[in-house]
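Participant: I would like the entire structure built from these sequences, with the hints used as guidance.
Residue numbers (this note's numbering), protein chains in the order written: chain G, 1 to 367; chain A, 1 to 367; chain E, 1 to 367; chain L, 1 to 367.
Each hint should be verified, as a subset may be incorrect.
[What the hints assert, rightly or not] No more than 27 Å apart at the CA atoms, straight line, and that leaves these computed lysine-lysine pairs for DSS-like:
id, chain 1, residue 1, chain 2, residue 2
1, A, LYS132, G, LYS334
2, E, LYS132, L, LYS334
3, L, LYS334, G, LYS363
4, E, LYS363, A, LYS223
5, A, LYS334, G, LYS363
6, G, LYS363, E, LYS363
7, G, LYS223, L, LYS334
8, E, LYS334, L, LYS334
9, A, LYS363, L, LYS363
10, A, LYS363, E, LYS363
11, L, LYS223, G, LYS363
12, A, LYS145, G, LYS334
13, E, LYS363, L, LYS334
14, E, LYS169, E, LYS231
15, L, LYS277, G, LYS363
16, E, LYS277, A, LYS363
17, E, LYS277, L, LYS363
18, A, LYS145, A, LYS7
19, G, LYS277, L, LYS363
20, G, LYS363, A, LYS277
21, E, LYS223, A, LYS363
22, E, LYS363, L, LYS223
23, A, LYS363, G, LYS277
24, A, LYS223, A, LYS136
25, E, LYS223, A, LYS277
26, A, LYS334, G, LYS132
It should be emphasised that the hints constitute simulated quantities derived from the structure, not laboratory data.
There are 4 protein chains.
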Amino acid sequence: FGGKKLKGILERLNAGEVVVGDGGYVLQLERRGYVKAGHWTPEAAVEHPEAVRQLHREFLRAGANVLQTFTFYCSEDKLEISGNVTNITGAQINEAACDLAREVANEGDGLVAGGVSQTPCYLNSQNETEVKAIFKKQMDDFLKKDIDFFMAEFFSYVEEAVWAVEVLKTSGKPVGATLCISPEGDMSGVPPGECAVRLVKAGADIVGVNCHLDPLTCIRTVKLMKEGLEKAGLKAHLMIQPLGFHTPECNHSGYLSLPEFPFALEARAMTRWDVHKYAREAYNAGIRYIGGCCGFETYHIRAISEELAAERGFLPPASEKHGLWGAGLQMHTKPWVRARARREYWENLLPASGRPTCPSMAKPDDE
Amino acid sequence: FGGKKLKGILERLNAGEVVVGDGGYVLQLERRGYVKAGHWTPEAAVEHPEAVRQLHREFLRAGANVLQTFTFYCSEDKLEISGNVTNITGAQINEAACDLAREVANEGDGLVAGGVSQTPCYLNSQNETEVKAIFKKQMDDFLKKDIDFFMAEFFSYVEEAVWAVEVLKTSGKPVGATLCISPEGDMSGVPPGECAVRLVKAGADIVGVNCHLDPLTCIRTVKLMKEGLEKAGLKAHLMIQPLGFHTPECNHSGYLSLPEFPFALEARAMTRWDVHKYAREAYNAGIRYIGGCCGFETYHIRAISEELAAERGFLPPASEKHGLWGAGLQMHTKPWVRARARREYWENLLPASGRPTCPSMAKPDDE
Amino acid sequence: FGGKKLKGILERLNAGEVVVGDGGYVLQLERRGYVKAGHWTPEAAVEHPEAVRQLHREFLRAGANVLQTFTFYCSEDKLEISGNVTNITGAQINEAACDLAREVANEGDGLVAGGVSQTPCYLNSQNETEVKAIFKKQMDDFLKKDIDFFMAEFFSYVEEAVWAVEVLKTSGKPVGATLCISPEGDMSGVPPGECAVRLVKAGADIVGVNCHLDPLTCIRTVKLMKEGLEKAGLKAHLMIQPLGFHTPECNHSGYLSLPEFPFALEARAMTRWDVHKYAREAYNAGIRYIGGCCGFETYHIRAISEELAAERGFLPPASEKHGLWGAGLQMHTKPWVRARARREYWENLLPASGRPTCPSMAKPDDE
Amino acid sequence: FGGKKLKGILERLNAGEVVVGDGGYVLQLERRGYVKAGHWTPEAAVEHPEAVRQLHREFLRAGANVLQTFTFYCSEDKLEISGNVTNITGAQINEAACDLAREVANEGDGLVAGGVSQTPCYLNSQNETEVKAIFKKQMDDFLKKDIDFFMAEFFSYVEEAVWAVEVLKTSGKPVGATLCISPEGDMSGVPPGECAVRLVKAGADIVGVNCHLDPLTCIRTVKLMKEGLEKAGLKAHLMIQPLGFHTPECNHSGYLSLPEFPFALEARAMTRWDVHKYAREAYNAGIRYIGGCCGFETYHIRAISEELAAERGFLPPASEKHGLWGAGLQMHTKPWVRARARREYWENLLPASGRPTCPSMAKPDDE
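Facilitator: Laid out in structure tokens, this is it:
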């Protein structure tokens, strides 16, 4: 893979390639027993590296071009507040996480993105110096290790994201930035178009959204970002890493306001076929860095890779264990299951929930 | 753990202990990219041992007392028919799977169960000699390795299960046997009570059901088995490993007949709170070997362990990363999410599917 | 119509004719403002004869062969308890109701059935003499007027229904008897088959079920009645007047136990197409007296008449204002509505509730 | 009632009184067997006056202050196109309808509104002279009879409604005008605020919306009309007559685009409790003429009257047969039904559809 590795994230995007992102680590590792819900901190990178390594490896096999370091909420202030991690420092986690991502990325054609996310400090103080110092510290941890670019993600306020970008740009590495916002804009009401403009002006090479809302809503938000950039005469690559859940009734604050968050989201989970539609629509919207966030499991990432196989020119390793559009079912013992081995069947299926006493839509808590 | 390991499966059950089983390997490894749907064969034990090892480890951490070898459908006749595995023998898979289960079981208080399942040979020929030869061959693979007991599972016909038990009993090890049947009985119409009697008479130490139907339906079936045994004056331990999906509309042939099988079952997935109810009801029904089959993920097994923590006297390792009944949410940033950190909230929630254009019940294909 | 009127109810049924019954008066007149829910008494026959006359007339136009007198719960003991009627006697209501039914029946080919229903007296005393005296009094009211036959309906206990039949048979007129029971039997656990046998032995010429459960469930109950009669070597005509609501989750005590009863049943209402299926299945089950109870509106009765038009040899007057299977939509202004003017469209439609925050099934209060 | 009748519609509205409108005639009479779906013409006024009279009377008893003449689609061009009426002239229908409304209105405190609706001529020609001639002809029919004011309703294009108002104003009588539009505006894209301004400038005394969308959506539209009038410095009374169906997924063209229109709308029907919420919200929005259109049955109109009883100072006659908020259930035989005799129960109930294989939202045909 050595030759390919020469191609960095911007080379790929500049060349018009589709970059498949990875999926959601935090929720998936919660379900696997390694992350504590409510705290959501990434100490597993130190405590249970084999679990993190395995999930990285799954995403890589599923076709991801980028592995994000498992460093969500890994700023010192967040770790301290959460109280979940007492005997490990943020630096230890950050460094271990970089090593894990690098190790697995090198098993294939993978890039490593050092991930930085919103801080409690910003919410409490809005003090630019303090917040930037936190990002600087985390960046320095990453720079001790071999990462390819930075990703500032999960920001509710564009202002904090701009500060993150400004710090990360000092590294000389490419910087991506995604906000967890709705089409209405960030939490102070800055519309997506203006958010994108501010991020690009701050130095972001790639902008987009992640988390909080379902794929089609996130695509709408990224489209608004694109329009904003075009109006401002700016250029940047677009990326998207939405939820793997159906959230049609969500408002501005996203799925946190759903009564089902975070322990009863199962019925909202997307099928692989939902992901096919999402990947196609994201591609059609001009987005070229396409991944997932919370709720995106390995097979969802594979579905992105399979939907865009023609555009990318190849299928991922994990497709060896997956007949396209259900083709593997031709081997099933029951005739009626064999009859499902075709694209039209799965594209048109309206899956039942098996829960007749439950509603199909909830009332968000922020209404 | 050495001292504890002296206690075998029957010692534990005879002592009245709750034995927590593991979850479903095949569907989960399909989603992780290592098993091919339609074929459902376990070549990953040889091809990707790290992936199988990791899932074993998760189940162990979640409180499972037993790890089943990842040998589903691993009879030579099935492997040949499926055509998915050409360069690996069944013996290789069986032996590798035993080693993996043993390795991880030894990391904790785990027993290893060698798993044997229904064969195409039975469906085609119903020839006792041929079918028994297949079971004998697989048993011999296992006996080269260090397993604690045998588990004959996923049998639609009690006759075939009886043959499996008869073969496995020759090993001198304890034998469990579970059928994938409904309360109406096996596929030839033998009622659950009589199925249980036949299995116990054939030598099974543990009997019950697995797969095909949701937890509450499976409990009903095991209750019928229990009644049958009591009427016949027989004794055996009871076990259950149901689906992790809601299947209220299923008939005799179970979830294979649902239009959503196997690629759109997401909306039917049980929450951890559904599992709490299941574990309690199974316990109340007198079942002491309680696990899961397809759809049971790591956190579902942890939920069994947490519901029955008082009865077992301990919480599993993975509960370090899980506040009971949502307690971890007390740390959440949003006040309305913190308000969900209580048992009553999650016990009474009726989760929405986020899919208003989908029905809540399907029409099974076998109607 | 004079010539046709010579044919009484038994002549018609003996000749193999389909007899279309009328629909539900009480719920419909509640919605029109003339019956008080909770009391459910028929004083409107005296207070607002024009409203009762109009509903009779609609059912007749919709193809009903029988008009039941609007005398539900019109025994003196019930009227007294309900406290809703203070200045009118039961006799006055009964007589006014007979006149109204007769007047409208004479506008077409209609028979008048004098209706008698369960009494509070039975529930309180189970005293045969007292209960029979009440039926006798009501019967005498009817016999002052020109009615064609008697209908004992809405009995939860077959014992009380038998007493009613025994009294009504003394009139010399034909007697029908319907129970509001489930396939499990009456409220004392007498199975439907035995209920039917007892009623026929008491003298009922027509037996069946009415109210409390949806059409397909009621058909199952009538089938059990039929089997019971056949086993006993008895013969009787079968009739059915089910709810016009979907009640899939109901138990023994029927729709009274649904949380939606009686003021939020709208979403459960059957479409005319549901009625087509019902009418066909009832006919196929050998039932020849086919009508409806609570929830059956005028257009539902017309749907019975239209489904069985070939068997009866004619369409009812109200079909002048109804294109069969939506044919009238060929005139609609929107092209997509015109595209619905065909049978296949309406037969296969799965109608949405427009209520995404509501469940599709409730938990009955008698569980 | 003579004294009260001196108060015309404008006197009432000018005095700040709540005016309760009537419900939907066309759909209700279709279900009663007197109107042909697809044609939707009002020949029943001549053919079956007793049926029209009865529905007028029900609405009056339910508290309606206004009875609209049953003259929907009764322009000569529409009657000719529909082909449903061959031996009766439009003039005959219009005159008969006026007599029926007058006769019943005189039984209580009712006003008669002569109703005029959109014409095929407008859609085909947009010729102002021709369209106005049609309205003039219909107006002249009404002026031969004793009507209190005019109502131009069910207009998709404000231009045609303006022409209707201009014609009707020549009569010297008050004129109301309602459009069947969404918050997005009329079919040519004129926003609701501007629609209202144009109608008032044309001479309308009362403006608002009717039909096509559910109550809460219609309230939003009327609020936009109100804002438009306020911005323009104009004054007019506001009215609303929405659908009695839940249509959350509808777009601009309203419920005609729902797959359930017009023969499978049952599951969408509003309960009386839905109407309570609607009446309160409409009142709070400053609307004082509050009624219903298609799907509004007698008991829905009574619910408006009951919700606004304090504001109006009286309950309608039909409330004699209705315990407020379910109070009548205190008489019910089952204890669990008696427990429903309270406001909180009905206000919070989420009614189930009893249709687990059906979705809760449809895909409109105009998407």
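Participant: For a C-alpha distance cap of 27 Å, please report whether LYS363 (chain E) and LYS334 (chain L) respect it.
Facilitator: Distance ~16 Å between LYS363 (chain E) and LYS334 (chain L) Cα, so the pair holds.
Participant: Hint check: LYS132 (chain E) vs LYS334 (chain L), CA-CA at most 27 Å. Holds or violated?
Facilitator: holds, 24 Å
Participant: Do the alpha carbons of LYS223 (chain E) and LYS277 (chain A) lie within 27 Å of each other, as the hint requires?
Facilitator: violated, 38 Å
Participant: Mind checking the alpha carbons of LYS363 (chain A) and LYS277 (chain G) for me, to see if they're no more than 27 Å apart?
Facilitator: holds, 25 Å
Participant: Regarding the pair LYS363 (chain G) and LYS277 (chain A), is the alpha-carbon distance no greater than 27 Å?
Facilitator: holds, 25 Å
Participant: Is LYS223 (chain A) within 27 Å of LYS136 (chain A), Cα to Cα?
Facilitator: violated, 31 Å
Participant: Quick one, are LYS145 (chain A) and LYS334 (chain G) close enough, alpha carbons at most 27 Å?
Facilitator: Violated - the C-alpha atoms of LYS334 (chain G) and LYS145 (chain A) are around 34 Å apart, more than 27 Å.
Participant: For LYS169 (chain E) and LYS231 (chain E), compute the direct alpha-carbon distance and say whether it is at most 27 Å.
Facilitator: Cα-Cα ~24 Å, so holds.
Participant: Take the C-alpha atoms of LYS363 (chain A) and LYS363 (chain L), compute the straight-line distance between them, and say whether it is at most 27 Å.
Facilitator: holds, 21 Å
Participant: Keeping to a limit of 27 Å between CA atoms, is the pair of LYS223 (chain E) and LYS363 (chain A) held or broken?
Facilitator: holds, 24 Å
Participant: Given the hinted pair LYS363 (chain G) and LYS363 (chain E), is their alpha-carbon gap at most 27 Å?
Facilitator: It holds: about 21 Å lies between the C-alpha atoms, which stays within 27 Å.
Participant: Between the alpha carbons of LYS334 (chain A) and LYS363 (chain G), is the straight-line distance 27 Å or under?
Facilitator: holds, 16 Å
In the structure shown, a violation is registered for the earlier hints numbered 3, 7, 8, 12, 22, 24 and 25, in ascending order.
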